[in-house]
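One-letter residues, chain by chain:
2 protein chains.
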Amino acid sequence: MESELERKGRAAKAASRILANLSAKQKNEALERMAKELLAHKEEIVSANQRDVHNARAKGLKGSLINRLLLDEAGLEEISRGLLDLTGLPDPVGEVVAGWTRPNRLQIQQIRVPIGVVGMIYEARPNVTVDAAGLCLKSGNAVILRGGSEAIESNLALTRALQGALLKAGLPEGAVQLVEATDREVVNQMLRLNKYLDVLIPRGGEGLIRLVVENATVPVIETGTGNCHVFVDRDADFDKGIAITVNAKTQRPGVCNAAETLLVDREIAAEFLPRVTDALIGKGVELRGCPETVGIVPGIKPATEDDWATEYLDLIMAVKVVSGVEEVIDHIAAYGTKHSEVIVTENYSRARKFLQEVDAAAVYVNASTRFTDGGRFGFGAEIGISTQKLHARGPMGLREMTTTKYIILGEGQIV
Amino acid sequence: MESELERKGRAAKAASRILANLSAKQKNEALERMAKELLAHKEEIVSANQRDVHNARAKGLKGSLINRLLLDEAGLEEISRGLLDLTGLPDPVGEVVAGWTRPNRLQIQQIRVPIGVVGMIYEARPNVTVDAAGLCLKSGNAVILRGGSEAIESNLALTRALQGALLKAGLPEGAVQLVEATDREVVNQMLRLNKYLDVLIPRGGEGLIRLVVENATVPVIETGTGNCHVFVDRDADFDKGIAITVNAKTQRPGVCNAAETLLVDREIAAEFLPRVTDALIGKGVELRGCPETVGIVPGIKPATEDDWATEYLDLIMAVKVVSGVEEVIDHIAAYGTKHSEVIVTENYSRARKFLQEVDAAAVYVNASTRFTDGGRFGFGAEIGISTQKLHARGPMGLREMTTTKYIILGEGQIV
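Taken in sequence, the protein lines are chains A and B. Using the numbering used here, the letters of the first sequence map in sequence onto residues 1 to 415. Using the numbering used here, the letters of the second sequence map in sequence onto residues 416 to 830.
Rather than coming from a laboratory, the hints here were simulated on the basis of the structure. Here the structure is a predicted model, which means the values were calculated and not measured. Each hint should be verified, as a subset may be incorrect.
Said to hold, decoys possible - Chain A residues, not near chain B, derived (Cβ > 12 angstroms throughout): (1) Glu44; (2) Ser64; (3) Asp91; (4) Gln109; (5) Lys168; (6) Pro172; (7) Ala181; (8) Leu208; (9) Cys290; (10) Pro298; (11) Ile300; (12) Tyr312; (13) Asp359; (14) Gly410; (15) Glu411.
To be verified - Once the Cα atoms are required to be at most 20 angstroms apart in a straight line, the calculated PhoX-like pairs of lysine-lysine come out as: (16) A:Lys240 to A:Lys283; (17) A:Lys353 to B:Lys820; (18) B:Lys451 to A:Lys13; (19) A:Lys42 to A:Lys25; (20) B:Lys716 to B:Lys655; (21) B:Lys655 to A:Lys353; (22) B:Lys655 to B:Lys451; (23) B:Lys655 to B:Lys457; (24) B:Lys698 to B:Lys716.
What the hints assert, rightly or not - In silico contact screen, one side only, chain B against chain A (beta carbon under 10 angstroms); selected entries: (25) Ser431; (26) Lys457; (27) Asn470; (28) Ala473; (29) Gly475; (30) Gly478; (31) Arg517; (32) Gln771; (33) Ala775; (34) Ala777; (35) Tyr779; (36) Ala782; (37) Arg785; (38) Phe786; (39) Val830.
The beta-carbon is built from N, C-alpha and C at its ideal position, and this holds for glycine as well.
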């Protein structure tokens, strides 16, 4: 008998051929229906979510996980608005990326097309179910969703509403499907479903990302780990340095674009460190310093080698005094995860050197790492932040959910 | 003790940081030195190649493999000219792909940068060693090469010459390295060398590609399989249909962009099939036809289900009579490998439908599949033809050997 994944894979493939040929208008109408249908099923969805929350509590899941799981009426309305927002974004499909004519008069055009079938593997947040469905639909892709087992009731209710909307819009249910099995084995099958999946996007903690990267034969877009640094150069404006460090560390410490290590130029360390550490400690940040830092600001816990490599995702920050931009570039190359890196400086040449030589998805002068985000970049929506170099790097919006094909117009040319 | 791969990975990573910051002028000078050094070591390289050929003959390798392995003086001169040709191509690194200013005055630019360290795994042809080294250097990437064990002597001699040139150009040897171990185990290690490799590009037969795709944890760009179709529509110009079919099948049957199946519209089958099959048979092609084809052209061997899915890479072609473009699109979706697909027609609407709905790297109207090639597309050079959808699709030139990073210029912005 055909497995659930085989069946859903086949349906997704068939749906993807229809989705690839829809006009932007048809896709926007479907998104509007999806937004409406979610609200029409508000009670059913919220009560499904309450069952998930109840089960999670019974299993003793910790508070932060239960918070992520929670979906109330207001949350659902926000998710629904997110789908409507997508209708206002330009459709990436059909864009002519490049075009030229060869000496033999062959006309070559590179056209943006959907990827095909996307597999999403994610954890507790049920809003990802709807966000991913909307982004995939708008970019002309079918999607197979595999959410966390704790959110299964919510995800089933959400998917039922979305599929109802698809049918009303005259589109196949196969466009948006949820894997109903909640065992680990189904994930392993999904990682090797090359026959139907064109790409896998894992979203979640490091364990999930590792599992997918190490076991998938389907091409993966790796998302998520961010050991980000703020470097305050000798020519920094101190106020900017403090504001950026505090913002990058504390505005939302649990996300991948939060900063984890502060690097301070030795020339200004004695003056700058007491001010910035005061501000950080005032915001409840626990600091771990190199010996020089501890010498300047007594009472700071000493950092170990591990601290330079740790993504705390918490109100903890490592602090190191450095000899200058050269050492910083080496430090980031050794310990960074190529996500987001900042130099705070008024010096043109060191800013340029940092931008040129630091290898990361996003490299900043005088701004917070927290801007590395599809919304804040102006993409209107985000499916995740790629920390790999292939295909997409940094925040991924609708354009990153596409590939291209070459169209070649001839008049009988042969080789 | 550090393994060969660990040591070379570390050297490649260090070299990649230097390569990423070279000017186009520095890279072109290094390419010129590499071209020169190959010629200066002509005797050494050719005699190393003769040892490889001798060993291959002793092991009883078949003629076609020995042909691929062969590198004489003329071949070496051609390879050397290939390096010089690269100096004339534009440097993709540093291109501003996109740029915009956010409402908060953050300036965001997306800049093209090298990928970092490329792993190439390939088979018998020693010219790939030099081509890949040149393409990687020009695009600012370090490369670790793992060629076939039959070509080890040639590859060692070639790499020695290239590394000598690098040193003379003031660049690190780590920019171009060959894996000297010829066992399978070293390949398995390379597939999981995530710490140092940013991408793996396998080039070779289906077995090699499968091995890499199924076992690599390093991101892979899949190259190579092409089950390409020529569809001759009811409104085709017959002369174009015959010329394109014959060219696509016979001009070089052993390559991935050669055609494998001919699809002919039922309305013209009785008239067109005898003419096209005559021309194909005249070129030595063995045909395998559907029942209708066999009915129209007696003596053709009947095709089995397997024939529709086979990449012959040989003077064999499957032939099928179809009801029209709709059936063709379904047939290609079922059996194609998304490489190169052709419609021969004078009908505008069916041409447009075929271009829109066929999902392949290259979709043609009235031209041969054999044009799917970096050189023929005008890229000047080619590292392979991607048959996956992520990162690069179709012929890969220098641009496809790069990724991007975002550079963000602020003035103290925080979230």
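Going down the list of hints, with the structure as the test:
The Cβ of Glu44 (chain A) lies farther than 12 angstroms from every Cβ of chain B, with a closest approach of about 36 angstroms, so its non-interface assignment holds. Even its closest Cβ contact with chain B, about 21 angstroms, leaves Ser64 (chain A) beyond 12 angstroms, as expected for a residue assigned away from the interface. Every Cβ of chain B is farther than 12 angstroms from the Cβ of Asp91 (chain A); the closest lies at roughly 15 angstroms, confirming the non-interface assignment. Remark: the non-interface label on Gln109 (chain A) conflicts with the geometry, its nearest Cβ contact in chain B lying 9 angstroms away (cut-off 12 angstroms).
Distance to chain B confirms Lys168 (chain A) as a non-interface residue, since its nearest Cβ pair spans about 25 angstroms, more than 12 angstroms. With a least CB separation of 15 angstroms from chain B, Pro172 (chain A) remains clear of the 12 angstroms interface cut-off, as annotated. Its beta-carbon lying about 23 angstroms from the closest one in chain B, Ala181 (chain A) satisfies the requirement of being farther than 12 angstroms from that chain. For Leu208 (chain A), the non-interface assignment is confirmed: its Cβ lies about 15 angstroms from the closest Cβ of chain B, beyond the 12 angstroms cut-off.
Residue placement check: Cys290 (chain A) keeps its beta carbon more than 12 angstroms from all beta carbons of chain B (closest about 24 angstroms). With a closest Cβ-Cβ approach of about 29 angstroms to chain B, Pro298 (chain A) is found to remain outside the 12 angstroms limit, as its non-interface label requires. The Cβ of Ile300 (chain A) lies farther than 12 angstroms from every Cβ of chain B, with a closest approach of about 24 angstroms, so its non-interface assignment holds. For Tyr312 (chain A), the shortest C-beta to C-beta distance to chain B comes to about 18 angstroms, beyond the 12 angstroms cut-off, and the non-interface label holds.
Chain B draws Asp359 (chain A) into its interface by the beta-carbon criterion, the shortest separation being 7 angstroms against a cut-off of 12 angstroms. Remark: the non-interface label on Gly410 (chain A) conflicts with the geometry, its nearest Cβ contact in chain B lying 3 angstroms away (cut-off 12 angstroms). Once the 12 angstroms rule is applied to beta carbons, Glu411 (chain A) is inconsistent with being away from chain B; the minimum gap is 6 angstroms. A threshold of 20 angstroms between alpha carbons decides the hint, and for Lys240 (chain A) with Lys283 (chain A) the separation of about 17 angstroms falls inside it, so the pair holds.
The suggested pairing of Lys353 (chain A) with Lys820 (chain B) holds, with an alpha-carbon distance near 15 angstroms, which does not exceed 20 angstroms. The suggested pairing of Lys451 (chain B) with Lys13 (chain A) is violated, with an alpha-carbon distance near 52 angstroms, which exceeds 20 angstroms. With a CA separation close to 26 angstroms, the supplied pair Lys42 (chain A) and Lys25 (chain A) exceeds the 20 angstroms bound. Among the hinted pairs, Lys716 (chain B) with Lys655 (chain B) is inconsistent with the structure: their alpha-carbon atoms are about 25 angstroms apart, more than 20 angstroms.
This hinted pair does not check out: Lys655 (chain B) and Lys353 (chain A) have alpha carbons roughly 56 angstroms apart, beyond 20 angstroms. Using a Cα cut-off of 20 angstroms, the hinted pair Lys655 (chain B) and Lys451 (chain B) is violated, with the two alpha carbons roughly 44 angstroms apart. Restraint check for Lys655 (chain B) and Lys457 (chain B): the C-alpha separation of about 45 angstroms exceeds 20 angstroms, so the hint is violated. For the suggested pair Lys698 (chain B) and Lys716 (chain B), the alpha carbons sit about 17 angstroms apart, so the restraint of at most 20 angstroms is met.
Annotation: Ser431 (chain B) was flagged as interfacial toward chain A, and the flag holds, the nearest CB pair being 9 angstroms apart, inside 10 angstroms. Nearest Cβ of chain A to the Cβ of Lys457 (chain B): about 31 angstroms, over the 10 angstroms cut. The hint is violated. Because the smallest distance between the Cβ of Asn470 (chain B) and any Cβ of chain A comes to about 34 angstroms, over 10 angstroms, the interface hint for this residue is violated. Interface restraint check for Ala473 (chain B): the shortest CB-CB distance to chain A comes to about 37 angstroms, outside 10 angstroms, so the restraint is violated.
Checking Gly475 (chain B) against chain A: minimum C-beta separation of about 34 angstroms lies over 10 angstroms; hint violated. At its closest, the beta carbon of Gly478 (chain B) sits 25 angstroms from a beta carbon of chain A; the interface hint therefore is violated under the 10 angstroms criterion. At about 6 angstroms, the closest approach between the beta carbon of Arg517 (chain B) and any beta carbon in chain A falls short of 10 angstroms, and the interface hint on this residue holds. For Gln771 (chain B), the suggested interface contact is upheld, since its CB lies about 6 angstroms from the closest CB of chain A, less than 10 angstroms.
Because the smallest distance between the Cβ of Ala775 (chain B) and any Cβ of chain A comes to about 6 angstroms, under 10 angstroms, the interface hint for this residue holds. Hint status for Ala777 (chain B): holds, given a least beta-carbon distance of 4 angstroms to chain A, under 10 angstroms. At its closest, the beta carbon of Tyr779 (chain B) sits 5 angstroms from a beta carbon of chain A; the interface hint therefore holds under the 10 angstroms criterion. The criterion of a C-beta within 10 angstroms of any C-beta in chain A is met by Ala782 (chain B), whose closest approach is roughly 3 angstroms, and the hint holds.
Satisfaction of the interface hint for Arg785 (chain B) is found here, the shortest Cβ-Cβ separation to chain A being roughly 4 angstroms, below the 10 angstroms cut-off. Among the interface hints, the one on Phe786 (chain B) holds; its C-beta lies about 6 angstroms from the nearest C-beta in chain A, closer than the 10 angstroms criterion. Interface restraint check: Val830 (chain B) against chain A, minimum CB-CB distance 4 angstroms, threshold 10 angstroms, status holds.
Of the numbered hints stated above, those contradicted by the structure are hints 4, 13, 14, 15, 18, 19, 20, 21, 22, 23, 26, 27, 28, 29, 30, listed in ascending order.
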